[in-house]
Amino acid sequence: MAQAFRLALQLATPFAVDHPLTLDGLLSAAVFRATGKRGRETIPEIPLVREQDVFHGSSLHYSKRYAHEPVHRVMSLRHRRDLSPELFSPNRKRGNGYLAIDQQRGAYKANLSSYAGIAADEVFFWGLGDGEACVHLIATYLLGIGKRANAGAGQIYGVHLEASNDHSWIAPSGRPARPLPVELWREIGAVDMEVAPMTVDVPYWSGAQVAAVFPTTPVV
Amino acid sequence: MQALQFWYDHLGVHLAPALTPVEATGVHLPHRTQSGVKALRIGSLDAFYMARPGQSKLLGRIDMPSADQLEVLPAESCSPRKAIADWLLTEAEPPFMVGVITNANPIASMCVSHALSRSAFCSSAGRVQFDLGKLRTAKRLFDGIAWKTVAAGIQQYGRLCTARASEIHIEKSRLNSLLAGTPALRDALTEADIRPGSGEYTVLSWAHIGVQ
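Keeping their order, the protein sequence lines are chains W and C.
So the first sequence is numbered by my numbering: it starts at 1 and just counts up by one.
So the second sequence is numbered by my numbering: it starts at 1 and just counts up by one.
Derived by calculation from the structure, the hints in this document are not laboratory data.
The reader is advised that the hints may include incorrect statements.
Here are the simulated lysine-lysine pairs, DSBU-like style, with alpha carbons at most 30 angstroms apart [to be verified]:
| no. | chain 1 | residue 1 | chain 2 | residue 2 |
| --- | --- | --- | --- | --- |
| 1 | W | K64 | C | K134 |
| 2 | C | K148 | C | K134 |
| 3 | C | K82 | C | K148 |
| 4 | C | K82 | C | K134 |
| 5 | W | K64 | W | K147 |
| 6 | W | K64 | C | K172 |
| 7 | C | K139 | C | K172 |
| 8 | C | K148 | W | K64 |
| 9 | C | K134 | W | K147 |
| 10 | C | K82 | C | K38 |
| 11 | C | K134 | C | K172 |
| 12 | W | K64 | C | K139 |
If you only want the chain W side, here are some residues facing chain C, beta carbon under 7 angstroms, derived [as the list claims (entries may be wrong)]:
| no. | residue |
| --- | --- |
| 13 | A67 |
| 14 | H68 |
| 15 | H72 |
| 16 | E194 |
| 17 | A196 |
| 18 | P197 |
| 19 | T216 |
The beta-carbon is built from N, C-alpha and C at its ideal position, and this holds for glycine as well.
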């Protein structure tokens with residue numbers, strides 16, 4: 001039975017997201033890890049109520065107790081003995097030679113990537129659906145949230161569920177709690193909001209963009 | 001690709017009308033170098049841009065005349081980042097694109113700012129995202145207060161916001177002593193809620209380059 005809930009994630013490290021990360025997007029990633037299904041295939045497995053092709057899951061929010069901290073990632077190439085041409089088959093398009101391996105910057109060439117991140121002890125979502133199933137999916141299958149979650153960014157160490165009013169579409173402030181098609185917002189909303197082209201449904205990385213309202217700030 | 005097309009439609013086409021959008025991001029243009037004017041790939045020397053329908057600007061060492069809808073400005077006489085920050089604070093209206101083209105391929109970092117609250121400065125070294133509405137409010141609130149004082153206040157306000165319960169009184173007293181000479185800054189800091197390291201703080205600091 002569908003119930004309204006507030007799902008909080010305790011984070012150990014800063015996270016980096018550059019779009020309003022939604023609960024259904026996060027659960028879609030968990031479903032992918034659980035079943036191998038991708039994109040739209042995950043929609044039937046997401047335990048949230050879905051109306052008018054939009055899930056009842058809010059974007060990520062957090063309290064005012066946060067700081068901006070960069071998320072760094074160092075990609076180190078391996079030692080030259082690991083890159084020895086003897087380990088490779090001839091791979092030049094013509095002839096039997098080998099393609100050149102760039103080692104000009106040393107055996108341990110390292111590339112540093114840096115992302116603008118947020119350090120918050122806790123982030124949360126509002127949802128409408130099967131809260132326990134959401135907790136199970138996130139706690140079992142996700143290491144973290146946002147970019148470079150596999151490399152330790154946005155590491156989740158606790159998932160908590162509590163009953164709440166339904167703010168999966170409209171936040172307590174009366175503003176949108178997630179990206180919503182502007183037509184849908186006009187049906188349900190009360191305040192005029194900025195509109196921008198955004199993806200409002202899974203898969204967020206490749207879905208069609210529609211004119212949408214969105215949470216202007218994740219801070220509650 | 002939408003962002004690349006936007007960049008091309010409002011800026012790239014004035015630089016390389018015969019090339020495709022992807023090719024235009026690597027067009028060779030005359031640059032003013034220490035050894036005279038040379039044709040270099042755009043981005044060999046940082047090229048900052050402000051793209052907006054009918055009113056785009058290019059800031060760099062590019063040696064070419066302005067066109068009807070493209071103003072080419074020299075980077076030698078002003079700080080391009082300050083010029084961009086000033087433009088954002090006074091003129092920019094969505095949709096627009098601001099950013100810098102450097103040696104790295106700029107296409108992946110390009111994005112259009114469709115709404116004030118989701119604006120971005122595009123750079124292959126890392127996108128700077130900010131809420132332009134919040135930024136303009138902050139600029140108005142901090143108007144008339146020395147940037148040095150404002151910057152110190154923002155840093156201390158950030159520390160106070162993230163302080164542990166046992167350290168709040170220490171951070172609060174530090175903020176109080178900092179604000180002793182400028183009581184107006186206290187309300188401004190709370191209302192603006194600009195945090196150190198944020199995109200808003202970055203752009204605000206660009207706007208104060210060369211200002212004490």
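> Any hints this thing doesn't respect? Which numbers, in order?
Replying inline: Of the numbered hints, just 15 does not hold.
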